[in-house]
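J.: Here are the chains, one letter per residue:
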Amino acid sequence: MITVENLTKTFPGSTGQVRALDGVNLDVAAGTVLGVVGPSGAGKSTLARCVALLERPDSGAIRVDGTDLVSLGGPALRAARRQIGVVPQGDSLLRQRTAAGNVALPLESAGVPGPQRRTRVAELLDLVGLTDKAGSYPDQLSGGQRQRIAVARALAASPSVLLADEPTSALDPDTTGSVLTVLDRARAELGVTVLVVTHDMGVVRKICDDVAVLDGGRVVEHGKVLDLVADAGSRTAASLLPAVDQNPAAEGAYDRVADVVLVGFAAVGALLPEATSRFGVELNLLGGGLTRLGETPVARFRVGLNGERADSALEWIAEAGGAVRRTLAGPQGVAA
Amino acid sequence: MRSATPWSTVFDYTLVATGQTLYMVGVSTLIAVLLGTPLGVWLQLTAPGGLRPRPLVHKLVGFVVDLGRSMPFLVLLVLLTSLTRLLLGHTIGPTAAIVPLAVGAIPFVGRLVQNVLSEVHVSVVEAAVTTGASTLRIVRSVLLRESLPALVNAIGVTAIALLGYSAMAGVVGGGGLGDLAVREGYQRFNDRYLWATVVVLAVIATLIQFISNRVARGVDRRRHASV
Ligand SMILES: Nc1ncnc2c1ncn2[C@@H]1O[C@H](COP(=O)(O)OP(=O)(O)O)[C@@H](O)[C@H]1O
Ligand SMILES: [Mg+2]
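Chains as they are written, first to last, in numbering that gives the first Met the number 0: chain A, 0 to 335; chain B, 0 to 226.
Next up, chain A with everything else stripped away, as it sits in the complex (with noise of 0.2 Å):
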């Protein structure tokens, strides 16, 4: 749907140049949420405004559908924004017009007449819950309330893509909840490929399919959340997965101790008591715990294990799904 091929991007900087993205490589297929996360200066805002194609990158490609958006200009580049909605980092709504009047303002730019205009605002601002509030300045709206505005009127001329930088940087966790049901919503309703930056672990977690961590201008990890957690190297897991604290005095009274992570309801919930009396081992919880990652329910335990079986027991449950890695004993780093 969206690609990004190595996209470069380098600012004159004080001590030399600055090389904000350093050949990104990016693929969204459509219909689903990325997350791009990494550290404060790690090049998100940069990536997000080249795709905005607000900023013009040094080298690379940026094609939805297939067409290269980078090396437009005039007309062709103004058509090709409409097929990106934009959601700007920081308020961006326009203070002397309602908010239905911001949302009608990309579909001015596209020359729809008023009649059709009125009916496509009435049904954005029923997608992002504010039709009560159509008549309403920013000023009177609530910071969660103006960023639903904003997505409202980035998604007004129904873009393929759209894009969000900290669209939730500014709120408190109970808004931006109303934020992200939003963006779902949008890719859930009108099938829209979202692309959403963030330094917030939480918009993954709650969002997003895919994600790409960026460091240092490159991405430095980009795959599927689900996939990502059950490798215990990533940071993904790192900062997704409930911590698992040392304890070493419990450890020791086991033959084997593994960290296990499992990813979803069945997984979950079976796997570690079905280990338990297929291989007849003891098998107790030492630490970690459960978490969500979008609809999906994740664990991540340390297990300890008693019995002759216990490595069987283990190659079992990563055979059956479950990422295992030992901490202590026995064959380091298996996993499924």
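Hints were generated in silico from the structure; no laboratory data involved.
No residue lacks a Cβ here, since even glycine has one placed at the ideal position from N, Cα and C.
Just so you know, not all the hints are guaranteed correct.
[Said to hold, decoys possible] Looking from chain A toward chain B, a few residues come up when the C-beta cut is under 7 Å (computed):
#	residue
1	80
2	81
3	104
4	105
5	126
6	128
7	132
8	136
9	138
10	139
11	234
12	305
Given chain A, work out where chain B with the ligands should sit, using these hints.
T.: Chain B with the ligands alone, transformed into the frame defined by chain A:
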């Protein structure tokens, strides 16, 4: 010591001079706003980080604008006499004074407008850019519309500044209240003219301020939550 001019005569002269002042200030403000606003828009668009950055030409024009702004009005009056003669055929009277007043105020308005437009937040402008809006539409629907209240105030500030300068225009025979105050009041020691002109000038300035505040509030669509 001759007897003071009757108040009725002072009134008649002051009335005529007030008409001339209002004419000079009104027309020169109009021209300055009509020509200075596009200049201000252009300065904002071509500034570094603007929608159409043209660093070199921007610097050059900016330099000329600031030169025009720092020029003492009296010098401008003298310098522009030949332009006035070219445009009007003569250099005396309120209409002739409009030329240097308007020309002098164009760079002033240009900078005011640019300042006002630069207050529109970058993300607001960029949001409009990403909708695929043309630059013309962004100027009209975003930059100018979002700053309309401040623009109205800037017009008021310009008119009041021109009210002050129009008093000086009397020097080249511009007429108006300043001319009356200097010729009848100061040079002929006629305090009644001084008082009358000072009062009328103060009233006009106050009125301009009052009206521009009112209009600015009227065009400001922002409504703050009442909580
Ligand atoms: N317009 C700019 N001019 C100069 N340097 C910039 C500019 N934009 C970004 N940078 C630099 O590029 C790097 C990446 O910035 P940014 O994309 O804003 O990171 P992030 O959004 O991940 O915090 C930083 O080192 C930043 O200082
Ligand atoms: Mg950023």
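J.: Hint by hint, say whether it matches the structure.
T.: Each hint tested on the structure:
The interface hint given for residue 80 (chain A) holds, since its Cβ lies 4 Å from the closest Cβ of chain B, which is under the 7 Å cut-off. Against a cut-off of 7 Å between C-beta atoms, the interface hint on residue 81 (chain A) holds, since the closest Cβ of chain B lies about 4 Å away. Hint status for residue 104 (chain A): holds, given a least beta-carbon distance of 6 Å to chain B, under 7 Å. Because the beta carbon of residue 105 (chain A) sits about 4 Å from the nearest beta carbon in chain B, less than 7 Å, this interface hint is met.
The interface hint given for residue 126 (chain A) is violated, since its Cβ lies 18 Å from the closest Cβ of chain B, which is over the 7 Å cut-off. Restraint check, residue 128 (chain A) versus chain B: the minimum CB separation of about 19 Å is more than 7 Å; hint violated. Interface hint at residue 132 (chain A): violated, since its Cβ lies 11 Å from the closest Cβ of chain B, which is beyond the 7 Å cut-off. With its C-beta approaching chain B no nearer than about 5 Å, residue 136 (chain A) sits inside the 7 Å limit, and its interface hint holds.
With a least beta-carbon distance of about 5 Å to chain B, the hint placing residue 138 (chain A) at the interface is held under the 7 Å criterion. The beta carbon of residue 139 (chain A) comes within 5 Å of a beta carbon in chain B, closer than 7 Å, and the hint placing it at the interface holds. Hint status for residue 234 (chain A) relative to chain B: violated, with the closest Cβ pair at about 29 Å, above 7 Å. The beta carbon of residue 305 (chain A) is not positioned within 7 Å of any beta carbon in chain B (closest approach about 59 Å), and the interface hint is therefore violated.
Of the numbered hints given earlier, the model fails hints 5, 6, 7, 11, 12; all others are met.
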